[in-house]
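Engineer: Here is how the chains run, residue by residue.
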Amino acid sequence: MSHSPATASLPRRWCSFLLGDACFAVAADIVVEVLRGRPLARVPLAARGVLGLIHLRGRIVPVIDPAVSLAVPREQRTASGPHLVIEVGDDWYGLRVDEMLEVSEIPSDRIERPLTGGEGLFGTFAAETRLVHLLDPERMIHSLVRQSAHHSPRPGGIHGGG
Amino acid sequence: MSDNSEFIGEFLVESTENLDQLDRDLLALEAEPGDPQRLASIFRTVHTIKGNSGFFGFSKLGALTHSGEHLLGRLREGKLSLDDRITGTLYSMVDAVRSILRAIEATGTEGDQDFRELSRQLADVALEEAAAADSGRASEQPPGEGTPPAVGSLPQADMAAEVAADSPLESAAPTTRATPAAGQTVESTVRVDVDLLASILDLVGELVLARNELRSLETDDLAVQAVSQRINAVTNALQETAVKTRMQPVEHVFSRFPRTVRDLAKACGREVLFTIDGADTELDRTLIESIRDPLAHLIRNAVDHGIEPPALRLTAGKPRAGKLSLRAYNESGRVTIEVADDGAGIAVERVREKAVARGLVAAAAAAALTDDQVLQFIFEPGFSTAQEVTSVSGRGVGMDVVRTNIEAIGGTVDIQSRRGVGTTVRVHVPLTLAIMPALVVHSAGQRFAIPQAAVNELVPVRRAGGESRIEGLADQPVIRIRGRLVPLVFLDEFLGLRLRPAGRDEGTVVLVRADDREFGIVVDTSTRADEHPRGCRDLLESASLSTIVVKPIGAVLAGLGIYSGATVLGDGGVVLILDLRGVARVAELPPWQQRGAPDAEPPTGTPPGERYLVCRTRAGRRVALPLAEIVRLERFRARDVQVAGPRRLVRRADGFTPLEDADRLFDPDLPPDGMPADAEAVLNLVVVRVAGGDVGIAVERIVDVLTAESPLQASLAGIGSAGTAAIGGLATEVIDLALTTPHV
Numbered sequence: 001m002s003h004s005p006a007t008a009s010l011p012r013r014w015c016s017f018l019l020g021d022a023c024f025a026v027a028a029d030i031v032v033e034v035l036r037g038r039p040l041a042r043v044p045l046a047a048r049g050v051l052g053l054i055h056l057r058g059r060i061v062p063v064i065d066p067a068v069s070l071a072v073p074r075e076q077r078t079a080s081g082p083h084l085v086i087e088v089g090d091d092w093y094g095l096r097v098d099e100m101l102e103v104s105e106i107p108s109d110r111i112e113r114p115l116t117g118g119e120g121l122f123g124t125f126a127a128e129t130r131l132v133h134l135l136d137p138e139r140m141i142h143s144l145v146r147q148s149a150h151h152s153p154r155p156g157g158i159h160g161g162g
Numbered sequence: 001m002s003d004n005s006e007f008i009g010e011f012l013v014e015s016t017e018n019l020d021q022l023d024r025d026l027l028a029l030e031a032e033p034g035d036p037q038r039l040a041s042i043f044r045t046v047h048t049i050k051g052n053s054g055f056f057g058f059s060k061l062g063a064l065t066h067s068g069e070h071l072l073g074r075l076r077e078g079k080l081s082l083d084d085r086i087t088g089t090l091y092s093m094v095d096a097v098r099s100i101l102r103a104i105e106a107t108g109t110e111g112d113q114d115f116r117e118l119s120r121q122l123a124d125v126a127l128e129e130a131a132a133a134d135s136g137r138a139s140e141q142p143p144g145e146g147t148p149p150a151v152g153s154l155p156q157a158d159m160a161a162e163v164a165a166d167s168p169l170e171s172a173a174p175t176t177r178a179t180p181a182a183g184q185t186v187e188s189t190v191r192v193d194v195d196l197l198a199s200i201l202d203l204v205g206e207l208v209l210a211r212n213e214l215r216s217l218e219t220d221d222l223a224v225q226a227v228s229q230r231i232n233a234v235t236n237a238l239q240e241t242a243v244k245t246r247m248q249p250v251e252h253v254f255s256r257f258p259r260t261v262r263d264l265a266k267a268c269g270r271e272v273l274f275t276i277d278g279a280d281t282e283l284d285r286t287l288i289e290s291i292r293d294p295l296a297h298l299i300r301n302a303v304d305h306g307i308e309p310p311a312l313r314l315t316a317g318k319p320r321a322g323k324l325s326l327r328a329y330n331e332s333g334r335v336t337i338e339v340a341d342d343g344a345g346i347a348v349e350r351v352r353e354k355a356v357a358r359g360l361v362a363a364a365a366a367a368a369l370t371d372d373q374v375l376q377f378i379f380e381p382g383f384s385t386a387q388e389v390t391s392v393s394g395r396g397v398g399m400d401v402v403r404t405n406i407e408a409i410g411g412t413v414d415i416q417s418r419r420g421v422g423t424t425v426r427v428h429v430p431l432t433l434a435i436m437p438a439l440v441v442h443s444a445g446q447r448f449a450i451p452q453a454a455v456n457e458l459v460p461v462r463r464a465g466g467e468s469r470i471e472g473l474a475d476q477p478v479i480r481i482r483g484r485l486v487p488l489v490f491l492d493e494f495l496g497l498r499l500r501p502a503g504r505d506e507g508t509v510v511l512v513r514a515d516d517r518e519f520g521i522v523v524d525t526s527t528r529a530d531e532h533p534r535g536c537r538d539l540l541e542s543a544s545l546s547t548i549v550v551k552p553i554g555a556v557l558a559g560l561g562i563y564s565g566a567t568v569l570g571d572g573g574v575v576l577i578l579d580l581r582g583v584a585r586v587a588e589l590p591p592w593q594q595r596g597a598p599d600a601e602p603p604t605g606t607p608p609g610e611r612y613l614v615c616r617t618r619a620g621r622r623v624a625l626p627l628a629e630i631v632r633l634e635r636f637r638a639r640d641v642q643v644a645g646p647r648r649l650v651r652r653a654d655g656f657t658p659l660e661d662a663d664r665l666f667d668p669d670l671p672p673d674g675m676p677a678d679a680e681a682v683l684n685l686v687v688v689r690v691a692g693g694d695v696g697i698a699v700e701r702i703v704d705v706l707t708a709e710s711p712l713q714a715s716l717a718g719i720g721s722a723g724t725a726a727i728g729g730l731a732t733e734v735i736d737l738a739l740t741t742p743h744v
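Chain order of the listed sequences is A and B.
1 is the number of the first residue of the first sequence in the numbering used here; add one for each residue after it.
1 is the number of the first residue of the second sequence in the numbering used here; add one for each residue after it.
The set of hints was computed from the structure by calculation and includes no laboratory data.
No residue lacks a Cβ here, since even glycine has one placed at the ideal position from N, Cα and C.
Keep in mind that the hints are not guaranteed to be accurate.
[As the list claims (entries may be wrong)] Cβ-to-Cβ under 8 Å is the rule here; a few derived chain B residues that face chain A:
1) D202
2) G205
3) G496
4) L497
5) I553
6) G554
7) V556
8) L557
9) I562
10) V574
11) L576
12) D678
13) A679
[Unchecked claim] A few chain B residues that don't get close to chain A, going by computed Cβ distances all over 10 Å:
14) E206
15) G573
16) A714
This is chain A alone, in the form it adopts within the complex (with noise of 0.2 Å):
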């Protein structure tokens, strides 16, 4: 093993995704479901990044678009895509994707530092054809509510940005 011991503990199947061009994966264990078609609930005045709220089970479930904070350039985005919905802690979140791709078996010790900027990854695959970039959704999660947590409703946002 060429990494920390940590790496034992690493989940070896991974569920991926496309954002834009560049390919993304979280460990397959937290994944809770993908949906389709579900329309989904605005929140006004909540921070970039948060898209909304669908109704799973029971459960609220807002969805957030990772490419705000994986910085993946907006053209590149569908216009609408799946929700790739995740266990965080206690929690669900719904992932705003462009397009599932497969569950695939990742080695740990094939896993690099992550090679791209932006919260949450914490590393990257070269697959046979493409780079994937791992997840750490919890990071990721977590700095979204940081960042909410700073975010003050602007009301009658309308009039500035957004």
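Starting from the structure of chain A, add chain B where the hints point.
Structural biologist: This is chain B only, laid out in the frame that chain A set:
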């Protein structure tokens, strides 16, 4: 010892309950020192804890309880009689055991505290009296030096007593648990994991949503309708029952207070008779913890600041011991908890002065407030009229925190007090927060829910006649409701959903109350037809009133402060629930309305107490003109009035100024030539500035410049008047200058 953790958990739960029982027993024993049953019960409890601690190897706990048990043994044998010192030491032991249990719960070990001193104290107390009681006995080895004593270290006589104490206990143990104290009924209860209960409630919530959806489907099939009715009925019953599982008697919170009051009374040198009523009243378990601290503070206040020292009470003709009562009862869908004392009461005048001194209210307005209204100021941050700050209750940081905490769970607090008689504080708490009735409103095509408990009234923006109720006052839109000016928030603009066109005068105003201040939320008038395309059998469901299941929205959104949760309506739509306190805060509503004194505040935008020029018209009417609009006062003789067409004019320094007789403003049919025949008669002219120039209003006499004691009541407006206000102690009509123009 991870496999022991489950047993240790049970040990902790049981021991904590036993300690609570110990507190109660000690209190009872203090009241009746000779009660052998009580003493036996206390002894057994301590013995049990000692035994269990030995099993788990908690040596500090063992040593401590061993010393306690020894002392109690002596008491039981009659070798000691109970006095303050003994009870004090026993209470200290209870507290020490509690702190050890806390340490075990937190860290799994007994912690670093050293209880040898306390053990020694327990031993000393037992020893002293014993030495006095059996003189001639050889000095005994006090038990416990931080380690469980070997049996051999105890003198024979004591060991025999100890053994004797053990055996009846073992046979008694099984029955002790099951046999409740005399006079109580046996409860059949089970322990259920709270997560399990939460799951059940979640599932019931799901059923409620599905039931709502079923209800909204249209069908002509009678059989389906019948089943739907049954499902509806059962779901309602299940919902009520499920909510009950979350209910706990407030006893859980109340049980610690007798001890608190006892300790506090001793510390402050008071005598207090503490009574508890209605401890079996039930409240949602998630709310129970939230009321503990606020109630503790109220109780501390009552003992420290409320109830007077015994000497003072006697001179006031009151009994030595003050009465403090804690009562809980159900009242119209909520639980009310009352903390009442018969102490000195609150000096209302001092509160009034302090409120004025802190700029919370104008002196004139303060004078008009009733005593009860003045007392509301006590809830302002940092407000304390206590002459001395005691270490017990501290500064006045408490009451505002009490109110904030109670309001955070959707409750309210109010206070009543009479000098010399006493004070009563009432806390009202909703039964549960999980399921509540809400008003669903529309704004720019989106729906939002407002808790029904906060809604006062719904008022259409436009009156029957078509005029808008909305007025602008210093850049803040307001609405006049029964003489009050209520600030408005346009929900669509506030949420950034859409801009209102210049005429913002469409929709409905939802008058709500949050934090004891009232404001209005302007929403779209919902059109029932178009928002539920499938058609709807139950209009109530889709349009306004719904019973909703409140669901959390998560940390990412909770930080916004304007939403308190979300819910799913019958048609599956997710709807955000507005947090009204947050909305008021973020909308930066002006702080006009004094808390608790909505009827006495001055109109906003204008200085508190508008100043008027009061005059008498030639017809004898008493009228007032806003001082701010008056340019000058002038006097003319009748002969100076010139006529030009229909208008009369006077020549002034800066040109001709049209005249208007004050009476004609109110009665336009009066002939214009009601001028005094005597050319030398003096006319008093109040020159006011209106749009387009100056106008002189002719009056008979100028009375005075006075400050209004009440806000302008527009509801009493008529032709020529903008309303009526109390000025100079009399109802006075205020002239409506909008009707005065320089050109007819």
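Engineer: Now look at each hint and say whether the structure bears it out.
Structural biologist: Right, here's what the structure says about each hint:
| no. | hint | result |
| --- | --- | --- |
| 1 | D202 | holds, 6 Å |
| 2 | G205 | holds, 7 Å |
| 3 | G496 | holds, 4 Å |
| 4 | L497 | holds, 6 Å |
| 5 | I553 | holds, 6 Å |
| 6 | G554 | holds, 5 Å |
| 7 | V556 | holds, 5 Å |
| 8 | L557 | holds, 6 Å |
| 9 | I562 | holds, 6 Å |
| 10 | V574 | holds, 4 Å |
| 11 | L576 | holds, 7 Å |
| 12 | D678 | violated, 62 Å |
| 13 | A679 | violated, 62 Å |
| 14 | E206 | violated, 5 Å |
| 15 | G573 | violated, 7 Å |
| 16 | A714 | holds, 29 Å |
In this structure, the hints that do not hold are numbers 12, 13, 14 and 15, in rising order.
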